[in-house]
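Asker: Take these sequences, add in the hints, and give me the full structure.
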Amino acid sequence: MADSAAPSALPFARAHRARRAHLWLALVLVVVSLISLTIGASNVSFPEVAQKLLTGTDLTRTESVVLFDIRLPRLAMGICVGAALAVSGAVMQGLFRNPLADPGIVGVGAGASLGAITAIVLGSALPVAIADRIGAGLIPIAAFLGAWASVMLLYKVSTRRGQTSVATMLLAGIALGALAAAASGILIYLADDQQLRDLTFWSLGSLSGASWIKLAWSAPLIVGGLIIATYLGAGLNGLALGEATAAHIGFDVQRLKNIAILTVAAATGAAVAVSGGIGFIGIVVPHLLRLATGPDHRMLLINAGLLGASLLICADIIARVVVAPAELPIGIVTAILGAPVFLWILLRSRGVVDM
Amino acid sequence: MLTATDIRVMIGAREVLHGISFTAQPGSVTAIVGPNGSGKSTLLKAMTGDIPFDGTVTLNGENTATMKPWELAAIRAVLPQASRLAFPFSVGEVVGMGLRQGLSGGQTDLVETALARVGLGGFAPRFYQELSGGEQQRAQLARVLVQVWTPCVDGTPRWLFLDEPVASLDIAHQLTVMDIARSYARQGGGVIAVMHDLNLTALYADSVAVIESGHLLAQGAPDAVLTNAVLSRAYGCQLQVNHAPPPHQIFVLPHGARA
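For the protein sequence lines, the chains are Z and R, in the order given.
Counting in my numbering, the first sequence runs without a single skipped number right up to 355 at its last residue.
Counting in my numbering, the second sequence runs without a single skipped number right up to 1259 at its last residue.
Incorrect hints may appear among the rest.
Not close to chain Z: a few residues of chain R, all C-beta gaps over 12 Å, as computed [stated by the list, open to error]:
1) R1014
2) T1048
3) E1062
4) V1078
5) S1090
6) Q1107
7) R1117
8) C1152
9) H1196
10) H1243
Taking beta-carbon pairs under 7 Å as the criterion, some of the chain Z residues facing chain R (in silico) [what the hints assert, rightly or not]:
11) R97
12) A172
13) G238
14) A240
15) A247
16) H248
17) I249
18) D252
19) A292
20) P295
Derived from the structure by calculation, the hints contain no laboratory data.
Glycine residues also receive a C-beta, built at the ideal position from the N, C-alpha and C atoms.
Answerer: This is the structure we're talking about:
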């Protein structure tokens, strides 16, 4: 049971807070983005560049490259990936009616890493002509295909006579995850030292490989998925009452499940493919928002997108700054910062969590 | 009118409903009674489409199997036996989920009215999960009520399907809830309720269906159906149906464990 102190004022205040939060979180995202453009290994300063752009002065070659080819695509990718992970987390939690669900639950992570490992270990076996054409895109493409294939397989296994059982999905996901991990294990066993190193870094996650080309194919999947996801809010609220009741109050529950799973597969599949394994955003962000502004998915999904993007940009700034001019894998930063904050919130508000 | 024809339900390899045909009229409260495991809740779940079944169910003349969820939601609401809520929504938010665009959409003042109706006035801002079992049950009833608030629209009746609506309620609230059901029926709506309490059934039902081992044992007015023979056979124990002094209310007394 939650703290008994003035419980009656809480939920209504939250609803107002949730709506106001759209604005505040958007503002935070803008500020964080500007900071992100300013900070980096090279000492190109954003205010200087902005001033030059406004006054029509030509940029130096370094300034233009650093800003437009390195920092801007990285920022855009950070926003996309952070929003994708947080919104997908919220959607999965709503679908599975469980605050601990995350996109990994539908097999995105296991499939993506199997794809990535396959590309890293067996990529050199590709004919040179093909390998040259795909180049650095090989790992993300393989990861996306792996993620998509595993979600579709899991979805198929859990669907009987047009009805998808989320309980089956949860359990079958564990089985398929183990299978994917075993297949990955075989490839890891075959890998040489350099490949193992590549693999480790991929699995820790990073935005450092951001480029306009990667964005060009991942952003439409992510943005499209997120836009569709924001329309699922009312249905996910209904689902909180159980599948049967959600149907009785007028939702097509099977269609809701189809859309939720496909959008999450597209958005997180693309996000994981371009950034590797970035943990914690998908669980921490929706949970934080639920505590602060309530569980109404119609507002939660939008706020999760904004906060997820901001948090990932912050983590990326930290990742780039602490060991400059090198940088930390971002997955380490999100976990080091995310885990204690999450624990602290859990212990503080145990009442609400236990319910 | 609600018509269920030859309803068969398999659970696993076992047939639990053996071809039940059942009707309920708008303007009346129809109670479904029977012992534990007789299939009365299963019958209700088949009629609301929660479980797969063979047979047909028509509501106001239309086959429910071919209706879209939102079309069904516009004419009938369902109160489940137990509801677990996944996230900490407020009572007002839960009740408000009964309001959908195009149904009773937008009439947010209905939430407070419905809550007051079930004896939960002022509960809207509270956390649903902090309510007692009985209060949660009544909050769910309020959600069901706002969904089909007007019992009869342009001559088309709307329906309440209630699965043990008074199961966890004290005696005063049992009466409150049954009064709501009766008044919904009196205003032209249809009410179908799975009931355990035979005396409450006798007091409120206009029609009673007795289910036993997956068969419909009897259906009709309480006077005709609630008899020593039918009840003793259905429940497998000695029951004595009596009549109180005027206005001759029926009441059922248990006499012994064996029939």
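Asker: If a hint holds in the structure, say so; if it doesn't, say that too.
Answerer: So, going through the hints one by one against the coordinates:
1. Under the 12 Å C-beta cut-off, the non-interface status given to R1014(R) relative to chain Z holds; the minimum distance is some 19 Å.
2. Some Cβ of chain Z comes within 12 Å of the Cβ of T1048(R); the nearest lies about 7 Å off, and the non-interface call is violated.
3. Its beta-carbon lying about 16 Å from the closest one in chain Z, E1062(R) satisfies the requirement of being farther than 12 Å from that chain.
4. Non-interface status of V1078(R) relative to chain Z is broken: a Cβ of that chain comes within 12 Å, the nearest being about 4 Å off.
5. With a closest Cβ-Cβ approach of about 3 Å to chain Z, S1090(R) is found to fall inside the 12 Å limit, against its non-interface label.
6. Taking the minimum C-beta to C-beta distance to chain Z, about 15 Å, the non-interface status of Q1107(R) holds against the 12 Å cut.
7. Consistency note on R1117(R): stated as away from chain Z, and its beta-carbon is indeed over 12 Å from all of that chain's, at 18 Å minimum.
8. Residue placement check: C1152(R) keeps its beta carbon more than 12 Å from all beta carbons of chain Z (closest about 19 Å).
9. With a least beta-carbon separation of about 21 Å from chain Z, H1196(R) lies farther than 12 Å from that chain, consistent with its non-interface assignment.
10. No beta-carbon of chain Z is positioned within 12 Å of the beta-carbon of H1243(R); the least distance is around 39 Å.
11. For R97(Z), the interface hint holds, the least distance from its beta-carbon to any beta-carbon of chain R being 4 Å, beneath 7 Å.
12. A cut of 7 Å between beta carbons decides the hint on A172(Z): the least distance to chain R is about 20 Å, and the hint is violated.
13. The restraint placing G238(Z) at the interface with chain R holds, with a minimum CB-CB distance near 6 Å, inside the 7 Å limit.
14. The beta carbon of A240(Z) comes within 4 Å of a beta carbon in chain R, closer than 7 Å, and the hint placing it at the interface holds.
15. With its C-beta approaching chain R no nearer than about 5 Å, A247(Z) sits inside the 7 Å limit, and its interface hint holds.
16. Checking H248(Z) against chain R by beta carbon gives a least distance of about 4 Å; that is within 7 Å, so the hint holds.
17. Taking 7 Å as the C-beta cut-off, the interface hint given for I249(Z) holds, the closest approach to chain R being about 6 Å.
18. Using the Cβ-Cβ criterion of 7 Å, the hint placing D252(Z) at the interface with chain R is satisfied: the shortest such distance is roughly 5 Å.
19. The interface hint given for A292(Z) is violated, since its Cβ lies 12 Å from the closest Cβ of chain R, which is over the 7 Å cut-off.
20. The interface hint given for P295(Z) holds, since its Cβ lies 4 Å from the closest Cβ of chain R, which is under the 7 Å cut-off.
When each numbered hint is compared with the structure, violations occur for hints 2, 4, 5, 12, 19.
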